[in-house]
Amino acid sequence: MIKKLADYFHMAFTTDFIPEDTENYWFQTEDGQTFGLLKTAITEVELNLLRTLFILIEDTETNSKNTIVQLKWQQFLFSHSNDFPFSEDVESIRFFYFQSKQPIADPINFEEAIKGAFQQPIVLWINNMYGIIIEEKPQSIFDKEEFIQLSDTLTSDFLVVIYSFIGQLHKVDMLLKEKFSMEKQCFQELLPYIEQEKTVLFYEAFPKLLITSTHLIDQKLLSYYLIESLQDEEMLHTLKVFLQYNLNASLAAKRLHIHRNSLQYRFDKFINKTGIDCREFSNAAFLALAIPLMTKRIE
Amino acid sequence: MAELKLEHIFKIYDKDVTAVKDFNLEIKDKEFIVFVGPSGCGKSTTLRMVAGLEEISKGELLIDGKRMNDVAPKDRDIAMVFQNYALYPHMSVYENMAFGLKLRKLPKDEIDRRVKEAAKILDLEPYLNRKPKALSGGQRQRVALGRAIVRDARVFLMDEPLSNLDAKLRVHMRAEITKLHQRLQTTTIYVTHDQTEAMTMATRLVVMKDGIIQQVGTPKEVYEKPKNVFVGGFIGSPAMNFFTGTLLDGKMTIGNVSLSIPEQKMTYLRAQGYVNKEITMGIRPEDFHTDLTSIEASQSSKVDVTIEVAELLGAETILYAQIEEQTFISRVDASTDAKPGEVLTLALNMNKAHFFDIETEDRILPDQD
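These protein sequences, in sequence, are chains W and F.
The opening position of the first sequence corresponds to residue 1 in the numbering used here, with each subsequent residue numbered one higher.
The opening position of the second sequence corresponds to residue 1 in the numbering used here, with each subsequent residue numbered one higher.
Errors might be hidden in some of the hints.
With a straight-line cut-off of 25 Å between C-alpha atoms, the simulated DSS-like cross-links for lysine-lysine are [to be verified]:
1. Lys-133/F <-> Lys-115/W
2. Lys-144/W <-> Lys-131/F
3. Lys-21/F <-> Lys-198/W
4. Lys-131/F <-> Lys-137/W
5. Lys-115/W <-> Lys-58/F
6. Lys-227/F <-> Lys-28/F
7. Lys-209/F <-> Lys-198/W
8. Lys-131/F <-> Lys-120/F
9. Lys-101/W <-> Lys-179/F
10. Lys-198/W <-> Lys-58/F
11. Lys-198/W <-> Lys-74/F
12. Lys-115/W <-> Lys-102/F
13. Lys-30/F <-> Lys-137/W
14. Lys-144/W <-> Lys-133/F
15. Lys-198/W <-> Lys-15/F
16. Lys-115/W <-> Lys-105/F
17. Lys-208/W <-> Lys-265/F
18. Lys-101/W <-> Lys-105/F
19. Lys-21/F <-> Lys-101/W
20. Lys-15/F <-> Lys-101/W
21. Lys-66/F <-> Lys-30/F
22. Lys-58/F <-> Lys-101/W
23. Lys-116/F <-> Lys-105/F
24. Lys-72/W <-> Lys-171/W
25. Lys-115/W <-> Lys-74/F
26. Lys-115/W <-> Lys-131/F
27. Lys-101/W <-> Lys-120/F
28. Lys-102/F <-> Lys-101/W
29. Lys-21/F <-> Lys-209/F
30. Lys-131/F <-> Lys-30/F
Since the hints were made in silico from the structure, they are not lab data.
Generate coordinates for the entire structure from the input sequences, incorporating the hints supplied.
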């Protein structure tokens with residue numbers, strides 16, 4: 001459809017999104033593609049028609065008063081821009097993908113409500129039922145219980161059920177865009193499962209992805225931090241032994257000829273870096289599947 | 001204030017999983033209705049359908065006569081309280097309570113009035129400036145209730161609001177919610193799996209199993225005249241005892257034990273054609289007696305049993321024993337000096353016995369019995 005629109009509006013059509021631009025009407029498709037149409041080139045009827053098919057960014061801005069940071073993120077993630085939207089001191093990031101079945105009526109207050117649960121959250125609205133929360137400088141370990149409580153709180157105020165998918169801990173670099181795009185795709189494909197569970201972590205959902213969406217299973221999907229950690233041979237061997245010994249730290253330490261505290265130290269290092277606590281069953285199950293996926297390349 | 005009508009409500013997932021089947025209920029204004037049942041029985045799903053958080057697959061929901069199926073949750077004028085304390089960690093108690101009203105664009109002075117009034121009702125006035133972290137579990141749950149109260153909604157929906165609290169606090173909050181309902185008189189639907197909570201708080205109970213209503217009635221009705229074996233066993237703690245035996249004319253025989261059935265009950269059982277048939281008898285733990293007067297008065301309905309376990313609870317003693325290899329629990333006076341291994345005579349109050357069809361598990365005796 002975008003191609004047809006480009007053909008129809010020809011010169012008045014653009015995809016190079018400029019947040020501060022006032023000459024174009026900027027629209028967003030459901031899968032996050034942004035395009036602009038010269039205001040002078042379209043009629044009111046055409047505008048209204050396009051509004052029903054796409055999200056007019058102007059509308060969301062009026063509703064949620066998009067900040068410059070939000071717009072920069074939007075541009076970075078959804079258009080061709082390679083300008084980093086984050087400040088230099090931000091090293092890692094986590095994406096939270098959320099959706100509801102009914103419109104979230106008041107985006108400004110929604111953003112206000114979630115503030116306390118995240119470190120510097122930035123909310124990007126794909127539409128009034130679907131959004132992404134970007135948490136800059138997140139804590140390594142994500143507290144799912146707290147998030148479920150927040151979801152219930154939001155439900156009691158906004159009277160909508162929030163379905164969430166919590167992404168991996170990502171390094172801030174040029175690969176982030178690709179990682180985001182793949183994670184977002186996972187969210188879309190896992191939606192029926194997420195609707196049952198309400199809140200699902202990437203690691204919990206990984207086995208499901210292996211069954212339902214094999215085309216998404218790629219090393220590229222894994223966070224850089226995880227890839228880097230698994231490329232460390234000592235860490236990889238430690239994790240393999242720990243899994244082999246059924247998550248029994250004492251036996252694994254014995255097998256590795258190290259003190260239990262040394263093993264604990266390695267785990268802490270791994271958790272801090274990747275956000276994956278291998279002592280938790282769901283995380284360990286994820287690692288048991290991710291390690292062969294990773295080592296396939298190394299071998 | 002509101003009246004609710006749930007007419008032939010179904011919740012069907014993926015065409016073949018039916019979570020709620022043909023749910024019919026009329027809820028009167030100011031009632032405190034409790035949906036009770038084991039996990040997965042469909043009670044929360046029904047509540048969420050009333051809230052509009054789950055779509056109704058079939059049937060009609062009416063609030064004050066108006067069809068609500070297609071009305072957005074925010075326009076149903078309901079307030080919800082969840083199991084979680086459901087508070088925003090970065091907001092003070094005042095802000096937490098005011099937030100829902102801010103969303104509804106109420107004027108500031110009206111918000112202030114409502115929050116302060118709710119804080120007064122819930123004894124939260126000294127804590128209005130505190131953050132949730134600085135509150136105890138009970139105080140947090142009171143704030144969660146306050147967030148619902150300020151909304152001044154037509155219907156309160158509470159989904160296991162006390163299950164995250166410790167036992168002592170739960171008992172306290174149970175009374176608090178009952179008092180609150182007496183004061184506000186708001187029509188309330190309360191979901192719990194705890195039958196004690198259900199019995200003590202409800203105006204009427206709705207006992208559910210596998211998505212189907214088993215019985216609707218006042219706590220007394222449900223306790224004294226359970227519609228089937230499930231309700232009899234679910235409501236009451238310790239649970240009702242069930243014995244399988246044969247009904248002879250005038251007697252219930254369980255192996256070699258024979259117990260006389262009062263004539264009024266027998267007449268009905270006879271008329272229903274149960275004589276010489278297998279039948280399930282239910283008897284509550286408190287309907288066993290150990291005092292001499294009861295034993296002398298129940299010559300044809302007493303039984304000698306060997307005590308397996310005796311638990312002294314202070315005011316009463318719980319005894320575990322068997323009648324013809326069928327284990328039962330009795331709750332007797334604490335003065336009963338029974339030790340494991342000892343033989344004790346127990347008198348059964350057969351006037352309080354319940355009889356159920358062995359196939360359908362439905363109550364045989366009429367409701368007025």
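Checked hints:
{"no.": "1", "hint": "Lys-133/F <-> Lys-115/W", "result": "holds, 16 Å"}
{"no.": "2", "hint": "Lys-144/W <-> Lys-131/F", "result": "holds, 21 Å"}
{"no.": "3", "hint": "Lys-21/F <-> Lys-198/W", "result": "holds, 23 Å"}
{"no.": "4", "hint": "Lys-131/F <-> Lys-137/W", "result": "holds, 24 Å"}
{"no.": "5", "hint": "Lys-115/W <-> Lys-58/F", "result": "violated, 39 Å"}
{"no.": "6", "hint": "Lys-227/F <-> Lys-28/F", "result": "holds, 22 Å"}
{"no.": "7", "hint": "Lys-209/F <-> Lys-198/W", "result": "holds, 24 Å"}
{"no.": "8", "hint": "Lys-131/F <-> Lys-120/F", "result": "holds, 18 Å"}
{"no.": "9", "hint": "Lys-101/W <-> Lys-179/F", "result": "violated, 36 Å"}
{"no.": "10", "hint": "Lys-198/W <-> Lys-58/F", "result": "holds, 23 Å"}
{"no.": "11", "hint": "Lys-198/W <-> Lys-74/F", "result": "holds, 20 Å"}
{"no.": "12", "hint": "Lys-115/W <-> Lys-102/F", "result": "holds, 16 Å"}
{"no.": "13", "hint": "Lys-30/F <-> Lys-137/W", "result": "violated, 49 Å"}
{"no.": "14", "hint": "Lys-144/W <-> Lys-133/F", "result": "holds, 18 Å"}
{"no.": "15", "hint": "Lys-198/W <-> Lys-15/F", "result": "holds, 20 Å"}
{"no.": "16", "hint": "Lys-115/W <-> Lys-105/F", "result": "holds, 20 Å"}
{"no.": "17", "hint": "Lys-208/W <-> Lys-265/F", "result": "violated, 58 Å"}
{"no.": "18", "hint": "Lys-101/W <-> Lys-105/F", "result": "holds, 23 Å"}
{"no.": "19", "hint": "Lys-21/F <-> Lys-101/W", "result": "holds, 23 Å"}
{"no.": "20", "hint": "Lys-15/F <-> Lys-101/W", "result": "holds, 19 Å"}
{"no.": "21", "hint": "Lys-66/F <-> Lys-30/F", "result": "holds, 18 Å"}
{"no.": "22", "hint": "Lys-58/F <-> Lys-101/W", "result": "holds, 19 Å"}
{"no.": "23", "hint": "Lys-116/F <-> Lys-105/F", "result": "holds, 18 Å"}
{"no.": "24", "hint": "Lys-72/W <-> Lys-171/W", "result": "holds, 18 Å"}
{"no.": "25", "hint": "Lys-115/W <-> Lys-74/F", "result": "holds, 22 Å"}
{"no.": "26", "hint": "Lys-115/W <-> Lys-131/F", "result": "holds, 14 Å"}
{"no.": "27", "hint": "Lys-101/W <-> Lys-120/F", "result": "violated, 37 Å"}
{"no.": "28", "hint": "Lys-102/F <-> Lys-101/W", "result": "holds, 23 Å"}
{"no.": "29", "hint": "Lys-21/F <-> Lys-209/F", "result": "holds, 10 Å"}
{"no.": "30", "hint": "Lys-131/F <-> Lys-30/F", "result": "violated, 33 Å"}
When held up to the earlier numbered hints, the structure conflicts with 5, 9, 13, 17, 27, 30 and fits the remainder.
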